[in-house]
Structure formats: structure tokens, C-alpha cells
Amino acid sequence: MSEAASSYSLAELMVVAASRVFDNEGEVLATGIGLLPRLAASLAMSTTNPDLMMTDSQSYLLSKPNPVSGMKSHAGQANETWLGFRAVFDNLWSGKRHAMVGPSQIDRFGQANISALGGTYQQPKVQLLGVRGFPGNSISHGNSFFVPKHSTRVFVEGECDVVGSIGYNPDRLPKGYSLDDIDVRTVITDLCVMDFNGPNHQMRIVSLHPGVTEQEVRDNTGFELAVIDNLGVTPAPSDEQLAIIAELDPLDARAKQLKDNPPGDRRG
Amino acid sequence: MNKLQTAAEAIASIKSGMTIGIGGWGPRRKPMALVRELMRSDVTDLTVVAYGGADVGMLCAAGKVRKVVFAFVSLDFMPLEPGFRVARQSGAIEVLEIDEGMMLQGLRAASWRIPFIPTNVGLGTDVVARNPELKVIDSPYDEKEWVAMPALNMDVALIHATRCDERGVCEVASPDVYMDDLFARAAKHTIVSCDEVVATEHFADPAVARSVFWERCHTQSVVHIPGGAHPSSSDPLYGFDVKHFKAYGEAVGAGEFDAYLDVHVRGKTEDEYQAAVGGLGTIQALPLPAY
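Sequences listed follow chains A and B, in order.
All the letters of the first sequence, read from the start, carry residue numbers 1 to 268 under our numbering.
All the letters of the second sequence, read from the start, carry residue numbers 1 to 291 under our numbering.
The shape of chain A in the complex, shown without the other chains:
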């Protein structure tokens, strides 16, 4: 990659950091749910891992990612394989997929929730989407999380209100499984990059975004975090990466994804 760009947004920094989870995945379906994760997967397919597979968010695999903004029609896109929703299940149950999703809650075990908040199972305080494909994704293939606003509301102190995806929780481990069978990979937030490679799969800070302190991350997380040895700064995007991102997002929809579109480098 070329040299680090002198100016970039936080959204672009997060997209580049998120794209790295796909670098060494080989020939798998890369699914990014939401505009920035989709941009991250598209960037990886366009640069570091051309073997990735990607859908049109509908019914076809594409040999070249569609732009994430400015699409008027799916006519003329680079279809290569029909992949309706049932075929997505066939694919994901085979394990040949890595999904990046944006849960409403994530707990210290890496369990996640998009289903409902508060109340009871019969009467939640806030109904969200439902568990969707989280249970099947989480037991079938690698999953990463994308969190636009790192806070204790997302990184909750206790367990998620509804545990929609399996994580590193010994109390919920099914018979015949070990924690090493679980594959929750990387967490990209607006403050840092984390993984689950701390002691006993504890969530661990891997890099801090420029200008963010370790304490800031801890203050906004509802549980204890491990820290990688020689904690560094999340690498800045290169000019080349920014150019490809701009091509994939011609209308700059990425600028509207984070409140006030902050700069990527927040050092005073």
C-alpha cells in the first residue's frame, strides 16, 4: 500500500480497519451489513483479497462489488452466480462466510443482540428486529462487529438482554463444544479495534484510533478489557485506499454515517 493519507475521516479510518478482517479469509462470502461494513468488505475485495465473494444485497453474487451509493438499478451489474436467500443459508452453513454486523448490544462474552431491549421475553420494552440470522451465523462462521458509537449502552455490563449469537460464555456452551469452536473475530468501533484474544477469550484492545486514550475506551465499556502488548495506533488509510473508497461510494454516503462526520485523526 502507498503512504498514509494526510487527511481522512473517522468513517474512512473505520472502513479501512474493518476491511482488514477480510484480508486473510480466502474464498469466502464477505457480508457487511450496513453501509460502512459493506464498504469495508468491498474495499477488501477490490484490494487485498480479490477471492472474496459478495452479493448485490438481493439475489446474485457479483464478480465486482456494486457501489454502495448512487445505484439506480441492478440492471447491468456483474452477476456471476444466483444466490437467493435460501442459497445464502446453504453457503453460511458450509462455513464459507465472514459477516460483519452492527449489534445493538455486545457483552463481555462476545454475545450480541439485535432482537429486543429490556422488559421480558413476552413483553420487551423495545422490540428491535428479532434475532434474524444471528444464531446460525455465529455457530457457522467467523463474525466481526462494527459499532459506530462505542458506549456502555452497546458494550453492556451484564449479558445481552436477548442473546442472539453464541459467544465465549462457558455457561451457555453446548455439549460437545469447546470455547475454541466459537469464532467471534474483530470489533471495530469509533474509538478502537478489539478482538477476543485476551486471557480466556477476554475482549482485548488491539489498537486505538489516533487521539483516543485507553481510558476513554474503558470508560465507555461496561466490562473489563485486556490490552495487547505494545498497544499502538490504528493505521491511517493510504491515498490509494481512499481513492478506491471514493470510487465505491461516489455520493459520499459514508460522510453521513457518523454524527458530525468527525476526522479520523483526533490528536489535539
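These aren't lab readings, by the way, just hints derived from the structure by calculation.
Mixed in with the good hints, there may be bad ones.
Simulated crosslink set (DSS-like; lysine-lysine; CA at most 27 Å straight-line) [claimed, not checked]:
1) A:259 to A:125
2) B:15 to B:3
3) A:96 to B:246
4) A:175 to B:188
5) A:72 to B:246
6) B:246 to A:259
7) A:125 to B:67
8) A:256 to A:72
9) B:135 to B:188
10) B:243 to A:72
11) B:67 to B:15
12) A:149 to A:256
13) B:3 to B:135
14) B:268 to A:256
15) B:246 to A:256
16) A:64 to A:256
17) B:246 to A:125
18) A:96 to A:64
19) A:175 to B:144
Every value quoted in this text rests on a predicted model; they were computed, and no experiment measured them.
Since the structure of chain A is provided, determine the placement of chain B on it from the hints.
What follows is chain B alone, placed relative to chain A:
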């Protein structure tokens, strides 16, 4: 055999307390005219199985539903389906919340007439922990435990297809049939609404015959309703109606779903409904979404 019926004749086969499945996915290719006919009926106490959108939300808001079997209820661009949200947050309905793929497995088991399909999907999550009706079993072949996803047997399935002949051959010309063929096979009685009725010769083209995903013995009733998926989409004929979904959401949000029913459903024919939303031409001109 001529299976053509009016919506009212077709929906008369649905009785209170039944389990019904609804095809489509979220805001896409939902048999909404049939759902409106169901809302006009005095049927209550339904169990609804669906990849849910406004079909599920409206039936809940209209007080027709006892229980929902779901993995999501969402309109995509409106992630939180308004009618379903109110029903859940008021505790008005029972639920069986399962993974999207488990629903496929349950439909498959019902269509194959077997009691369950073993799967690892759901293990370690609240899907299994909070639903006593989902059993976890040992395997005769390994040392692991498996979820026994039960067959989702249904009395009636409602589906929207692109084109049908009067004998019940159904073409889904959209890029994705979703699980509609499994709904048709899993139900004892399947009602299909369609945008166009065609002569049987239409299916002689092999490319068209490949767009038929279940045999006609699994279709008991065909209802011809051009625009009948509105406000959901019927790709490639028309897209979903963002404006209408938003108006429905606002009505529910303001506690005025009754007024929505008065304008669009109660005492109205489907022709009157279509006139109220701008006419069939307007529906058929709705653009397909691009993602």
C-alpha cells in the same frame, strides 16, 4: 380443474385458531390483498409463520393474531415494523422467535412430513434457552447436542406469484422465490394471488417452466389480483411503496391504525383500495429498489 376464486371465496377457508404461513420476505412479494381480505373477515386467534413485514404488522394491529413465529419482522428501509412493535411491547401476542434458517428448516420438515430437522443453529442462544417448545437432543452419530427444529405445519399458506394459470401452475418471475415453495408444500391448503392469469401454454417455454418452484397439486386456490402485492413489491412488475409504508407507520405511531383500516380496508373492495392509493397504474409504476 379450475382453481380461480375471488379473494373472499379463497379466504373463507381460513378459520379462527388456524396456523397460517405467509410467503415473501419483509417488504417484498407479500400477498397483501389476501391479507386485507383476512382483515375484513371475523377470523381471530391466528398463529402466523412468516419472514415478516407489514403482513404480520397489520394482522397484529388488526387484532387477528394470537402468536407469531418469526426471525424478524421488518420493512428493511424501516427496520422496525410499526404494528409488530406495538403488539410486542404491549405483550399482546405470544411468540416463537427463531433464526431465519431455522424457519427454512421447519418449513422443510413440514413439507417432507418429518417431525424435525437436527441443526446446530440456535445452540448457545436465547432462541433455545427461552423457547421450551424447541428441544435439544443427543445425536446417535456423535457426542454433540443438536436442536431438533420442529416441523412448522400449517393449515393455510398465502403466497403472491407473478403469473398463474387457472390450474394452479405458478410462476415466480422475481429474482428470488424466497421460501414460498416450502410454504406451499408445508401447508394443507395454499392460496396464491397473482398479478396476471395466463394460459397454460405460457409455461411451455423452458425458461418460464424453470420459474415454477412447486407443482400445481400444492396450490388449491388462485386469486387474480393485479397489483395485489401492494404496498409490498412484485419484482419485476413493481417495487414497494415507501410512501404508503411510511403513512401506515405514522398511523400506527399515532394510535390511528383504525383510521387506516377505515380508509383502506373495512367495507372497501380491492378496487376501492387501489383507487385510494392512486390506482393500478400508479402501483405498477412503482420503481424497483436498488441497494
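Evaluation of the provided hints:
1. The hinted pair formed by residue 259 of chain A and residue 125 of chain A meets the criterion: a straight-line CA distance of about 26 Å does not exceed 27 Å.
2. A threshold of 27 Å between alpha carbons decides the hint, and for residue 15 of chain B with residue 3 of chain B the separation of about 20 Å falls inside it, so the pair holds.
3. Taking the CA atoms of residue 96 of chain A and residue 246 of chain B, the gap is about 37 Å. The hint is violated against a cut of 27 Å.
4. For the given pair, residue 175 of chain A sits about 37 Å from residue 188 of chain B by alpha-carbon distance, which is inconsistent with the 27 Å threshold.
5. In summary, the hint linking residue 72 of chain A to residue 246 of chain B is supported, as the alpha carbons are separated by about 21 Å, within the 27 Å threshold.
6. The straight-line distance between the Cα atoms of residue 246 of chain B and residue 259 of chain A is roughly 24 Å, inside the 27 Å bound, and the hint therefore holds.
7. As the CA atoms of residue 125 of chain A and residue 67 of chain B are separated by approximately 18 Å, the hinted pair is consistent with the 27 Å bound.
8. Restraint check: the Cα-Cα separation between residue 256 of chain A and residue 72 of chain A comes to about 19 Å, which is no more than 27 Å; the hinted pair holds.
9. Taken as a hint, the residue 135 of chain B and residue 188 of chain B pair is honoured in the structure, with Cα atoms around 25 Å apart against an allowance of 27 Å.
10. Restraint check: the Cα-Cα separation between residue 243 of chain B and residue 72 of chain A comes to about 18 Å, which is no more than 27 Å; the hinted pair holds.
11. Of the pairs offered as hints, the one joining residue 67 of chain B and residue 15 of chain B holds, with about 15 Å between alpha carbons and a cut-off of 27 Å not exceeded.
12. Between residue 149 of chain A and residue 256 of chain A, the direct Cα distance comes to roughly 14 Å. Compliance with the 27 Å bound is thereby established for this hinted pair.
13. In summary, the hint linking residue 3 of chain B to residue 135 of chain B is not supported, as the alpha carbons are separated by about 39 Å, beyond the 27 Å threshold.
14. In summary, the hint linking residue 268 of chain B to residue 256 of chain A is not supported, as the alpha carbons are separated by about 43 Å, beyond the 27 Å threshold.
15. Under the criterion of a C-alpha separation no larger than 27 Å, the hint pairing residue 246 of chain B with residue 256 of chain A is consistent with the structure, at around 22 Å.
16. Between the alpha carbons of residue 64 of chain A and residue 256 of chain A the distance comes to roughly 24 Å, so the proposed pair stays at or under 27 Å and holds.
17. Restraint check for residue 246 of chain B and residue 125 of chain A: the C-alpha separation of about 23 Å stays at or below 27 Å, so the hint holds.
18. Restraint check for residue 96 of chain A and residue 64 of chain A: the C-alpha separation of about 18 Å stays at or below 27 Å, so the hint holds.
19. Of the pairs offered as hints, the one joining residue 175 of chain A and residue 144 of chain B holds, with about 5 Å between alpha carbons and a cut-off of 27 Å not exceeded.
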